[in-house]
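Modelling step: build the complete structure from the supplied sequences, incorporating the hints.
Under our numbering, the residue at position 214 of the sequence shown is numbered 199, and the numbers go up by one with no gaps.
For the record, the hints were derived by calculation from the structure and aren't laboratory data.
All C-beta atoms in this analysis are idealised placements derived from N, C-alpha and C, irrespective of residue type, glycine included.
Heads up, some of the hints might be wrong.
Think about it this way: if two alpha-carbon atoms lie no more than 27 Å apart in a straight line, the pair counts; the simulated DSS-like pairs of lysine-lysine are [said to hold, decoys possible]:
{"no.": "1", "residue 1": "Lys16", "residue 2": "Lys136"}
{"no.": "2", "residue 1": "Lys186", "residue 2": "Lys212"}
{"no.": "3", "residue 1": "Lys214", "residue 2": "Lys181"}
{"no.": "4", "residue 1": "Lys212", "residue 2": "Lys288"}
{"no.": "5", "residue 1": "Lys16", "residue 2": "Lys40"}
{"no.": "6", "residue 1": "Lys212", "residue 2": "Lys181"}
{"no.": "7", "residue 1": "Lys186", "residue 2": "Lys129"}
{"no.": "8", "residue 1": "Lys313", "residue 2": "Lys191"}
{"no.": "9", "residue 1": "Lys186", "residue 2": "Lys62"}
{"no.": "10", "residue 1": "Lys62", "residue 2": "Lys16"}
{"no.": "11", "residue 1": "Lys136", "residue 2": "Lys212"}
{"no.": "12", "residue 1": "Lys40", "residue 2": "Lys129"}
{"no.": "13", "residue 1": "Lys288", "residue 2": "Lys191"}
{"no.": "14", "residue 1": "Lys212", "residue 2": "Lys280"}
{"no.": "15", "residue 1": "Lys188", "residue 2": "Lys212"}
{"no.": "16", "residue 1": "Lys181", "residue 2": "Lys280"}
{"no.": "17", "residue 1": "Lys136", "residue 2": "Lys181"}
{"no.": "18", "residue 1": "Lys206", "residue 2": "Lys40"}
{"no.": "19", "residue 1": "Lys181", "residue 2": "Lys206"}
{"no.": "20", "residue 1": "Lys191", "residue 2": "Lys136"}
{"no.": "21", "residue 1": "Lys62", "residue 2": "Lys214"}
{"no.": "22", "residue 1": "Lys181", "residue 2": "Lys129"}
{"no.": "23", "residue 1": "Lys136", "residue 2": "Lys186"}
{"no.": "24", "residue 1": "Lys188", "residue 2": "Lys40"}
{"no.": "25", "residue 1": "Lys188", "residue 2": "Lys62"}
{"no.": "26", "residue 1": "Lys40", "residue 2": "Lys181"}
{"no.": "27", "residue 1": "Lys136", "residue 2": "Lys40"}
{"no.": "28", "residue 1": "Lys206", "residue 2": "Lys186"}
{"no.": "29", "residue 1": "Lys40", "residue 2": "Lys191"}
{"no.": "30", "residue 1": "Lys191", "residue 2": "Lys181"}
{"no.": "31", "residue 1": "Lys62", "residue 2": "Lys136"}
{"no.": "32", "residue 1": "Lys62", "residue 2": "Lys129"}
Label pairs and their calculated CB-CB ranges [claimed, not checked]:
{"no.": "33", "residue 1": "Asp226", "residue 2": "Lys313", "range": "54 to 62 Å"}
{"no.": "34", "residue 1": "Thr272", "residue 2": "Gly132", "range": "29 to 37 Å"}
{"no.": "35", "residue 1": "Val(-7)", "residue 2": "Asp226", "range": "21 to 29 Å"}
{"no.": "36", "residue 1": "Ile295", "residue 2": "Arg27", "range": "43 to 51 Å"}
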Amino acid sequence: MNVTTHGVIRPCTVATGNTTFIVRNCVLDAKGGEIPTSYIPRIASGMMEPPPGLKLGGNCRTHLSMGNSHSYFYDSKILAHSWAALSTDSSHGDLYLEANNCDVVCETVGYGTYADNGCHNVLNDCRISVDTHVAIIAGDAWVKLNGCTVKSNRYGCMLHGVRGHYTEVTEGHIVGGDWDVGEALFFVKSENVYLKLDGAKVKTGKYLIHSVVNEDDAATKVPEEMKCKVYGVNAVIANGDYSGDIIHEDTDRTMNVTIQNAALTGQIVDAYLKLDNATWTATGDSTVCFVGDVKPEQLDAVKGVTIRAIAGEGCTLSGEYAFPAGGKLIVS
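This is how it looks when you write it as structure tokens:
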């Protein structure tokens, strides 16, 4: 079955309430339309375009899940020309969206899938092609991408805090699959997050993880007395050989990274770092706090690069070390 819509906020499919909604062997194509000149932009029921803080475009989402609906897509193609392919909104706390062996496409600025408070999205063995965002996740929500083949010109998962609470935790999981992203695999904007990268093949233009202060006017604020005391940015990078930088620029929270049964090549800035049966080669000047029993042979740095580290709990390194690739480590 093919379903095509033309017009502003005219999704091909909608699931709401306590609906169980199943799509098999379909092509869904929402082409959007032209916003009336009388429309007054708002972030509320009846909004005709994405919130400005997302920096997206378009005026239609191909599929929209709401309430406590559970939606399942099999062997289908979900095509968006902008804004969104598989979207969620107004969850009542138990919204679930799953896609299996589907083609998920967003041709211009927009996302493949979205989850915010109370939403739980799983994409299994899908082929995802987007211009800007594979997934956007906010608040108490999670997205899991298992065995997907992905091409994004900018981001994998963007996780951000807006109109939320400073204690909330957002989750993004990438397990297996083949990822090609133009800028950052995980892009975190002023949010507490748990990130899992496990056994995937990843090519990224710059970052594995990049955290920044959210410039959105609606960004969730951390009280002054709680800065760097909240859950923070927590990441596990496991079971693979990965290249890309990990740069932490969010001044409200700390970053904690565990590399587990994996090898990482890239720059790390301002992170607590644990190496669990893992190695790290620094390609740019880095600043870390080592946690656990880190051995010199687990580390390397290319010529001209210095790792400046603090010996944290369980770390016995001290002083200066020279590396085979020409760089050095200074531990205080």
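Each hint tested on the structure:
Simply put, lysine 16 and lysine 136 have alpha-carbon atoms about 21 Å apart, close enough for the 27 Å limit, and the pair holds. With a C-alpha separation of about 35 Å, the suggested pairing of lysine 186 with lysine 212 is violated against the 27 Å cut-off. Proposed proximity of lysine 214 and lysine 181 is supported: the alpha carbons are some 21 Å apart, at most 27 Å. Between lysine 212 and lysine 288 the alpha-carbon distance is near 36 Å, which puts this suggested pair outside the 27 Å criterion.
At roughly 19 Å between alpha-carbon atoms, lysine 16 and lysine 40 fall within 27 Å of each other, so this suggested pair holds. Annotation: proposed proximity of lysine 212 to lysine 181 holds, straight-line Cα distance about 24 Å (limit 27 Å). Distance restraint check for lysine 186 and lysine 129: the Cα-Cα separation of roughly 16 Å lies within the 27 Å cut-off, and the hinted pair is therefore satisfied. Of the supplied pair hints, the one linking lysine 313 and lysine 191 holds, its CA atoms being roughly 23 Å apart against a limit of 27 Å.
Between the alpha carbons of lysine 186 and lysine 62 the distance comes to roughly 24 Å, so the proposed pair stays at or under 27 Å and holds. For the hint linking lysine 62 to lysine 16, the alpha-carbon distance of about 14 Å falls within 27 Å, and the restraint holds. In summary, the hint linking lysine 136 to lysine 212 is not supported, as the alpha carbons are separated by about 36 Å, beyond the 27 Å threshold. For the suggested pair lysine 40 and lysine 129, the alpha carbons sit about 23 Å apart, so the restraint of at most 27 Å is met.
About 20 Å separates the Cα atoms of lysine 288 and lysine 191, which keeps this hinted pair within 27 Å; it holds. Pair hint lysine 212 plus lysine 280 does not hold up; C-alpha atoms about 31 Å apart against a cutoff of 27 Å. A threshold of 27 Å between alpha carbons decides the hint, and for lysine 188 with lysine 212 the separation of about 33 Å lies outside it, so the pair is violated. Between lysine 181 and lysine 280 the CA atoms are separated by roughly 24 Å; this keeps the pair inside 27 Å, and the hint holds.
Note on lysine 136 and lysine 181: the hinted pairing holds, with a Cα-Cα distance of about 19 Å set against a maximum of 27 Å. Simply put, lysine 206 and lysine 40 have alpha-carbon atoms about 20 Å apart, close enough for the 27 Å limit, and the pair holds. Restraint check for lysine 181 and lysine 206: the C-alpha separation of about 25 Å stays at or below 27 Å, so the hint holds. Distance hint between lysine 191 and lysine 136 is fulfilled; the C-alpha atoms sit about 15 Å from each other, no more than 27 Å.
Between lysine 62 and lysine 214 the CA atoms are separated by roughly 43 Å; this puts the pair beyond 27 Å, and the hint is violated. Our distance criterion of 27 Å between C-alpha atoms is met by lysine 181 and lysine 129, whose separation comes to about 9 Å. At roughly 12 Å between alpha-carbon atoms, lysine 136 and lysine 186 fall within 27 Å of each other, so this suggested pair holds. In summary, the hint linking lysine 188 to lysine 40 is supported, as the alpha carbons are separated by about 24 Å, within the 27 Å threshold.
Between lysine 188 and lysine 62, the direct Cα distance comes to roughly 25 Å. Compliance with the 27 Å bound is thereby established for this hinted pair. Restraint check for lysine 40 and lysine 181: satisfied, since their Cα atoms lie roughly 25 Å apart, inside the 27 Å limit. Only pairs whose Cα atoms come within 27 Å are accepted, and lysine 136 paired with lysine 40 is accepted, the gap being roughly 20 Å. Restraint check: the Cα-Cα separation between lysine 206 and lysine 186 comes to about 35 Å, which exceeds 27 Å; the hinted pair is violated.
About 20 Å separates the Cα atoms of lysine 40 and lysine 191, which keeps this hinted pair within 27 Å; it holds. Of the pairs offered as hints, the one joining lysine 191 and lysine 181 holds, with about 18 Å between alpha carbons and a cut-off of 27 Å not exceeded. For the suggested pair lysine 62 and lysine 136, the alpha carbons sit about 16 Å apart, so the restraint of at most 27 Å is met. Taking the CA atoms of lysine 62 and lysine 129, the gap is about 19 Å. The hint holds against a cut of 27 Å.
Taken as a hint, the range 54 to 62 Å is violated for the pair aspartate 226 and lysine 313, whose Cβ atoms sit roughly 23 Å apart. Evaluation of the 29 to 37 Å hint for threonine 272 and glycine 132 yields a pass: the beta carbon distance comes to about 35 Å. In this structure the supplied range 21 to 29 Å is violated for valine -7 paired with aspartate 226, their Cβ-Cβ distance being about 46 Å. Under the hint 43 to 51 Å, the C-beta atoms of isoleucine 295 and arginine 27, about 48 Å apart, fit the expected range.
Hint check: violations occur at hints 2, 4, 11, 14, 15, 21, 28, 33 and 35; the rest are consistent with the structure.
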